[in-house]
Amino acid sequence: MIRTRTWILLFAAAAVVLGALSWYLLSRRTEGAVVQIVQDGTVLREIDLSRVTGEERIVIESPYGGSNVVLVRPGRICVAEADCPDGVCVHQGWLESGGSLPIVCLPHRLVILVKDPAPDTDAVGH
Amino acid sequence: MNVKQIARLALLTAIALILFTVEAQLPPLVPVPGVKLGLANIVTVYAMFRHGPRDALLILLARVFLGSVFAGAMMAFLFSLGGGLLCWLVMLPLRRILTEKQIWVCGVIGAVAHNLGQILVCLAVYQTASVLVYLPVLMLSGIVTGLFTGLAAHFLLGWLKGRI
Chain A
42 MIRTRTWILL
52 FAAAAVVLGA
62 LSWYLLSRRT
72 EGAVVQIVQD
82 GTVLREIDLS
92 RVTGEERIVI
102 ESPYGGSNVV
112 LVRPGRICVA
122 EADCPDGVCV
132 HQGWLESGGS
142 LPIVCLPHRL
152 VILVKDPAPD
162 TDAVGH
Chain B
1249 MNVKQIARLA
1259 LLTAIALILF
1269 TVEAQLPPLV
1279 PVPGVKLGLA
1289 NIVTVYAMFR
1299 HGPRDALLIL
1309 LARVFLGSVF
1319 AGAMMAFLFS
1329 LGGGLLCWLV
1339 MLPLRRILTE
1349 KQIWVCGVIG
1359 AVAHNLGQIL
1369 VCLAVYQTAS
1379 VLVYLPVLML
1389 SGIVTGLFTG
1399 LAAHFLLGWL
1409 KGRI
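Residue numbers (the numbering used here), protein chains in the order written: chain A, 42 to 167; chain B, 1249 to 1412.
Bound-form chain A, shown alone:
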C-alpha cells in the first residue's frame, strides 16, 4: 500500500513540474512570422504575417461539414467565426507573429501554426 501522504507529494510535485513546463511552452516566443493554415495534415496557405498590409478574410470549408472564417491582419491571425459546436478556436483569440501556441479547431481538423524558422534547434538549443 502506498501511503496517502506519498500520493499527495507525488501530485504536488507533478503539478509544480507541469506548471513550470506549461508556462515555459505557452510563453515561448519563436522568431518566425510565417504561419501555416493546415487542414487534415495538408498546408492550405502559408502567410508571412510581417508582409501583410491590409485585412484579409479567408473562409475555409471543412470536408467534415461547416467552415471557419480566418482573419488576417498585419502581424497577427485569428479565427473570427466558426460553426463548430464548442468554438474553442474563436476563444483562443489572436496568434501573434512571435507566438508559439497553435490555434486548433478539432471538429474541422484545422490547425493554424507558426512555422518554425529553424527546425534543427531543440528546446535545449533555445
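Worth flagging that the hints you see were computed from the coordinates, not collected in a lab.
No experiment lies behind these values; they were computed from the predicted model shown.
Ideal placement from N, C-alpha and C gives every residue a C-beta, glycine not left out.
Be aware that a few hints might be false.
[As the list claims (entries may be wrong)] The following label-pair restraints were derived from C-beta to C-beta distances:
1) Q1375(B) with D89(A): 22 to 28 Å
2) G1406(B) with A53(A): 19 to 25 Å
3) R1343(B) with V100(A): 48 to 54 Å
[Said to hold, decoys possible] Examples of chain A residues lying across from chain B (beta carbon under 7 Å, computed):
4) W48
5) L51
6) L66
7) P143
8) L154
With chain A held as given, fit chain B onto it using these hints.
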C-alpha cells in the same frame, strides 16, 4: 445480466450523460482545447469501485458514444474514446492498490490518463508533433480537475455505503 444489473447500468449511464451534456453547455474556462472539468469521471470512479471494472467499462462506452451523438460531434468521439479507454486501463491496477481512504487518487490519475489518451489520438489523427505543446497543460488540468471529481466520487461512495 439480470434486470437489476441492467437497470443499474442504465441509471448510471443516464447520470453520466446528464453530467456530460450539462458540462458541454458551459463556456470553456481556459482557451486551451481539451481542458474541461470532466464531471462524468465521477461516475466512472464510482462504478469502478462500487460495481467493478466490467460495469465501469460498459457505462463508459455507452456514455462516450451517446454523448458524442447528442453533442453532434463525431470527431470528438474518437478523442473521448481514446481518453476514456486509457483512463479505464490505468484504473484497473489502482483498484487493487488503493485503500478506501485513497479513492480520490483514482480520480486524479484517471483524469490525467484521459487527457493523455486524447493527445495520443490527436497525434495519430493529425500526424503532427505540434499538439504536444498542450501535453503539460492538459496533464496539469487533469490533476486539478481529477482532484475535484475524485473527491466527489470519494465522498459519494462513503455517503452511499450501506444505503443502497
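For this session: Tell me if P143(A) is really an interface residue toward chain B, meaning its C-beta lies closer than 7 Å to one of theirs.
Result: Result: holds, 5 Å to nearest chain B Cβ.
Problem set entry | Restraint satisfaction for W48(A) [CB to CB of chain B, less than 7 Å] | holds (5 Å)
Exercise. Does L154(A) pass the interface hint, meaning its C-beta sits closer than 7 Å to a C-beta of chain B?
Worked result: holds (6 Å)
Exercise. Do the numbers back the hint for L51(A), that is, is its least Cβ distance to chain B under 7 Å?
Worked result: violated (9 Å)
Exercise. Can the suggested window of 48 to 54 Å be confirmed for the beta-carbon pair R1343(B) and V100(A)?
Worked result: holds (50 Å)
For this session: Tell me if L66(A) is really an interface residue toward chain B, meaning its C-beta lies closer than 7 Å to one of theirs.
Result: holds (5 Å)
Exercise. Can the suggested window of 19 to 25 Å be confirmed for the beta-carbon pair G1406(B) and A53(A)?
Worked result: holds (24 Å)
Problem set entry | Verdict for Q1375(B), D89(A) (Cβ pair) under range 22 to 28 Å | About 25 Å separates the Cβ atoms of Q1375(B) and D89(A), which means 22 to 28 Å holds.
Hint check: a violation occurs at hint 5 only; the rest are consistent with the structure.
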